[in-house]
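**Student:** So the protein sequences, as listed, match chains A and B.
Residues 1 to 338, numbered by full-length UniProt numbering, are exactly what the first sequence covers, in order.
Residues 1 to 338, numbered by full-length UniProt numbering, are exactly what the second sequence covers, in order.
Do not take every clue at face value.
16 angstroms max Cα-Cα, derived EDC-like pairs, lysine to aspartate or glutamate [said to hold, decoys possible]:
hint	chain 1	residue 1	chain 2	residue 2
1	B	K115	A	E95
2	B	K171	B	D296
3	B	K26	B	E37
4	B	K171	B	E133
5	A	K115	B	E209
6	A	K26	A	E44
Beyond 10 angstroms from chain A on every Cβ pair, some chain B residues (computed) [stated by the list, open to error]:
hint	residue
7	E88
8	S119
9	S137
10	F220
11	R254
12	G299
13	N313
Think of the hints as simulated: they come from the structure by calculation, not from any bench.
Beta carbons are placed, not taken as given, at the ideal position from N, Cα and C, and that holds for glycine.
Protein chains: 2
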Amino acid sequence: MGRPERHATIADVAALAGVSVGTASKALNGRGSLREETRTRVREAARQLSFQANAGARSLHSGRTYTVGMITTDTIGRFSIPVLMGAEDALGAGEMSVFLCDGRDDPIREQYYVKTLLSRRVDGIIVTGRRTEARMSIGPNLPVPVVYAFISSADPGDCSVVPDEAGGARKAVEHLLAVGRTRIAHVTGPEHHNSARVRAAAALERLAEAELEPVAPPLFGGWSEAWGRQAVGILLAGRAEFDAVFCGSDQIARGVSDALRAAGRRVPQDVALVGFDNWDVMTEGAQPPLTSVDMDLEGLGRSAAEMLLSAINGTASPGRHEHPCRLVVRESTIVPLA
Amino acid sequence: MGRPERHATIADVAALAGVSVGTASKALNGRGSLREETRTRVREAARQLSFQANAGARSLHSGRTYTVGMITTDTIGRFSIPVLMGAEDALGAGEMSVFLCDGRDDPIREQYYVKTLLSRRVDGIIVTGRRTEARMSIGPNLPVPVVYAFISSADPGDCSVVPDEAGGARKAVEHLLAVGRTRIAHVTGPEHHNSARVRAAAALERLAEAELEPVAPPLFGGWSEAWGRQAVGILLAGRAEFDAVFCGSDQIARGVSDALRAAGRRVPQDVALVGFDNWDVMTEGAQPPLTSVDMDLEGLGRSAAEMLLSAINGTASPGRHEHPCRLVVRESTIVPLA
DNA sequence: GAAACAAAGGAAAACGATTGCCGACAAGTT
DNA sequence: AACTTGTCGGCAATCGTTTTCCTTTGTTTC
Chain A
1 MGRPERHATI ADVAALAGVS VGTASKALNG RGSLREETRT RVREAARQLS
51 FQANAGARSL HSGRTYTVGM ITTDTIGRFS IPVLMGAEDA LGAGEMSVFL
101 CDGRDDPIRE QYYVKTLLSR RVDGIIVTGR RTEARMSIGP NLPVPVVYAF
151 ISSADPGDCS VVPDEAGGAR KAVEHLLAVG RTRIAHVTGP EHHNSARVRA
201 AAALERLAEA ELEPVAPPLF GGWSEAWGRQ AVGILLAGRA EFDAVFCGSD
251 QIARGVSDAL RAAGRRVPQD VALVGFDNWD VMTEGAQPPL TSVDMDLEGL
301 GRSAAEMLLS AINGTASPGR HEHPCRLVVR ESTIVPLA
Chain B
1 MGRPERHATI ADVAALAGVS VGTASKALNG RGSLREETRT RVREAARQLS
51 FQANAGARSL HSGRTYTVGM ITTDTIGRFS IPVLMGAEDA LGAGEMSVFL
101 CDGRDDPIRE QYYVKTLLSR RVDGIIVTGR RTEARMSIGP NLPVPVVYAF
151 ISSADPGDCS VVPDEAGGAR KAVEHLLAVG RTRIAHVTGP EHHNSARVRA
201 AAALERLAEA ELEPVAPPLF GGWSEAWGRQ AVGILLAGRA EFDAVFCGSD
251 QIARGVSDAL RAAGRRVPQD VALVGFDNWD VMTEGAQPPL TSVDMDLEGL
301 GRSAAEMLLS AINGTASPGR HEHPCRLVVR ESTIVPLA
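All chains should be modelled from the sequences, with the hints used to inform the complete structure.
**Tutor:** Right, here's the structure in full:
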């Protein structure tokens, strides 16, 4: 029952093993010159007391805490999670622990967290968020390295790792061209949203390279299924025929898919469909499953964490780094045989 | 450019203010008896050096770190996030920082994290996961309090905060009865899954209290939309008529909704539909929007964190605590007027 | 048998902050 | 003038570890 009263200290271990604290420390860390018998005796004592060295006291001496802070500027969401997990994974392998801070879009809260993290002497900070848009630097000259992941910093001197959304959009269009579609529409999120603009521009550019025009100007709206459904109405009402739709998100794509089916158009036979995000719930829930662009957020997070680790070890890599997207092909663009 | 070389220490502050370290400390913490002028002089020096007391050094003295560890036993997912955020919120208000650890269903990894957290001298640990099922205690007698959130511990001496899934299921059925439905079916997840069994049993029980039988035995399958669609096939093939389906998840409900529409049954006129989880993507994406049971995971997380704080302060509340669910009514159960 | 040397482990000084105790000085009381 | 009282700040111990320097042994060598 009950919990052990307090944590064992190295003094307890030393006493039990009948040596001095210094010797105990050396024994446990493989330093100094000690008899093997002494080492094992100390190790045994430590085991018996389930001794775990106090990391705080240790870092007091070493100057490093082996912790990093992770701040999500807006609420932790669908996009931050994989980034976060990738980072946590990469950092965990380097024996670093992660402080999680949820900024909730509140600059005050954010600054409070920065202060707290600094007082905890984190070795570095990762900043992430829910949109790729550039944001203000969290602090002009902090005493520790900072890496922005997914989101990017407005200060070009900061290190940011962002998805190559333009590249992803180009891959989507390229794939549609490769499966023989030429009358392509684009339905995407709100125009004030950076991602929507970037993806749309890249898609148009790739079409132009193939000497094609979109069947209609890009349709900007929202990121939701409802907008996808609505957009199909607009497309069908227009006089132009279309044989493919590249959507700015999987949710939009799913709405488009449902509406097309309701209107009697078959996917992919009549209209091929590509989404963006590769969100399993949507890609697998849609009928047929959706081809989609995957931003590899987990990889991005891992990569950001690795950059942070390098920066901590002295080699910073300032600037904006684009992490490649990849296309995941499913039945919404491939006409089944027979 | 570059970063400030190192963190200022209280010794730097003291030197700049022309006082001793002890005095500086007192000035900054409002202890001891000092002239107001001295205090402001020290504070000014601290501001100038942007001094932030080293939390590690401080906790060495106080014995408390004001940090807690948060372990997700399986991967951080849709269910852990809100729990996590609620907890982070409650803890942040108490000035505590959170270490995030992703156990990934790997007991080795998990034990490693427990060790790490203990070495970091966290004041407490919250354990969460993706299923409500009881799991083994993460450690029989750890030196710090532990609270299980969402998931529960197999050891009844541990403190667990779990959603009242049975209560939620009862509310769902009650609502269907209240809107006049009597021929109710239940489609849910795999039978080996604790949540599926508990919810099904509670639903049946509530029906029995109204002296009703379900129109068919509960249909156990998966949690997916695909299963929902498939289940509709089974129900329609059966000879029994039904006027409502209570689904074990929103994804199932959405599948059911789509399949019913495809089969020409109107929701809610012909069949009323209730889901579980109140997952916005599904409830809003479905047509019409879904009535659903909300487990209030954020509230649950907050509540767990509060229990942890009490435990840290000496008043533990061992045992299993059920957090109430609430029903969110939408158009899938309410027939529109005229 | 004495000097030289290596091996093993102890003593103490850091690291950064807090805090109890004590000394110095000024002001007020007989 | 000698005392008490109170105010202000400095000194040093403390927290748990690591690490540098020493001291104590025991062994080797001439």
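**Student:** Now tell me if each hint is right for this structure.
**Tutor:** Against the structure, the hints come out as follows:
no., hint, result
1, B/K115 x A/E95, "holds, 12 angstroms"
2, B/K171 x B/D296, "holds, 14 angstroms"
3, B/K26 x B/E37, "holds, 13 angstroms"
4, B/K171 x B/E133, "violated, 21 angstroms"
5, A/K115 x B/E209, "violated, 57 angstroms"
6, A/K26 x A/E44, "holds, 14 angstroms"
7, E88, "violated, 5 angstroms"
8, S119, "violated, 4 angstroms"
9, S137, "holds, 13 angstroms"
10, F220, "holds, 20 angstroms"
11, R254, "violated, 7 angstroms"
12, G299, "holds, 16 angstroms"
13, N313, "holds, 14 angstroms"
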